[in-house]
Amino acid sequence: PEIIANIKLLSLNMTVSQISDFRATYFFKWILGVINHQQLLIEIDATDLCQSNFVQRHKVLKVLKQIDHSLIKITIENVDSSKKTYRIIKPYLPYTDFLKFDIQSFKKSPSHWIDITLAHWQRFASKEGTVPIVGKVENADHVALADQLNINLRQGYAYGEPKRI
Numbered sequence: 001p002e003i004i005a006n007i008k009l010l011s012l013n014m015t016v017s018q019i020s021d022f023r024a025t026y027f028f029k030w031i032l033g034v035i036n037h038q039q040l041l042i043e044i045d046a047t048d049l050c051q052s053n054f055v056q057r058h059k060v061l062k063v064l065k066q067i068d069h070s071l072i073k074i075t076i077e078n079v080d081s082s083k084k085t086y087r088i089i090k091p092y093l094p095y096t097d098f099l100k101f102d103i104q105s106f107k108k109s110p111s112h113w114i115d116i117t118l119a120h121w122q123r124f125a126s127k128e129g130t131v132p133i134v135g136k137v138e139n140a141d142h143v144a145l146a147d148q149l150n151i152n153l154r155q156g157y158a159y160g161e162p163k164r165i
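Numbering (the UniProt record's numbering), first residue to last: 1 to 165.
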């Protein structure tokens, strides 16, 4: 109880299997009761979503449509530059608050073709009101790319190492 009183945002990484489970909605109600009025953020890994079968993805979409987005925010993380990822994630965008990109997956060698650029993703996300976040920002080039794209939410060693608070 002492720790929970200090929490402003509780972030939970959840798998597709956990979210598609019939008990997920009960879990969300329970956790909201425990954390009181703090914000709950659920993070779903894009790779997990892409590797899941159609039935599981459909169940996840159904859950995302049902939750109260004023109390529970949804992030899809580790979004990459592939068309496959875009095709699978596109139906989730209206129910997703944040897309977290690994900036390094958009920095390829000159001989490597990038299907969907970070700028394309940013446009797709903004149409749905989804906020982009860039992660693994580690050097001045990464910072410059985030600046160029006007992405203000960033994570990475370029901004300091994790610290105990």
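Just so you know, the hints here were simulated from the structure itself, not pulled from any lab data. Wrong hints could be hidden among the right ones.
DSSO-like mimics (lysine-lysine), calculated; alpha carbons at most 27 Å apart, straight line [claimed, not checked]: (1) K65 x K100; (2) K127 x K59; (3) K127 x K73; (4) K62 x K90; (5) K127 x K90; (6) K29 x K83; (7) K84 x K8; (8) K83 x K127; (9) K59 x K83; (10) K73 x K59; (11) K100 x K8; (12) K136 x K29.
Have a look at the derived ranges for each label pair, beta carbon to beta carbon [stated by the list, open to error]: (13) H120 x Y157: 37 to 47 Å; (14) A119 x D97: 16 to 26 Å; (15) K62 x A144: 35 to 45 Å; (16) D147 x T25: 11 to 21 Å; (17) F22 x D141: 39 to 49 Å.
Each residue gets a CB set at the ideal place from its N, CA and C atoms; glycine is no exception.
Against the structure, the hints:
1. K65 x K100: At roughly 20 Å apart (the allowed maximum being 27 Å), K100 and K65 satisfy the hint.
2. K127 x K59: Roughly 24 Å separates the two Cα atoms, so the pair holds.
3. K127 x K73: holds (18 Å)
4. K62 x K90: holds (14 Å)
5. K127 x K90: Holds, at roughly 11 Å.
6. K29 x K83: violated (35 Å)
7. K84 x K8: With Cα atoms ~35 Å apart, K84 and K8 exceed 27 Å; violated.
8. K83 x K127: holds (18 Å)
9. K59 x K83: Answer holds: K59 to K83 is near 22 Å, not above 27 Å.
10. K73 x K59: Measuring from Cα to Cα gives roughly 18 Å; hence the hint holds.
11. K100 x K8: holds (20 Å)
12. K136 x K29: Since the Cα atoms of K136 and K29 sit roughly 32 Å apart, the hinted pair is violated (cutoff 27 Å).
13. H120 x Y157: 37 to 47 Å: The hinted range 37 to 47 Å is violated for H120 and Y157, with Cβ atoms some 26 Å apart.
14. A119 x D97: 16 to 26 Å: Once the Cβ atoms are compared, 20 Å apart, the range 16 to 26 Å for D97 and A119 holds.
15. K62 x A144: 35 to 45 Å: holds (40 Å)
16. D147 x T25: 11 to 21 Å: Since the Cβ atoms of D147 and T25 sit about 40 Å apart, the hinted range of 11 to 21 Å is violated.
17. F22 x D141: 39 to 49 Å: holds (46 Å)
Violation of the numbered hints given earlier is confined to hints 6, 7, 12, 13, 16; the remaining hints are satisfied by the structure.
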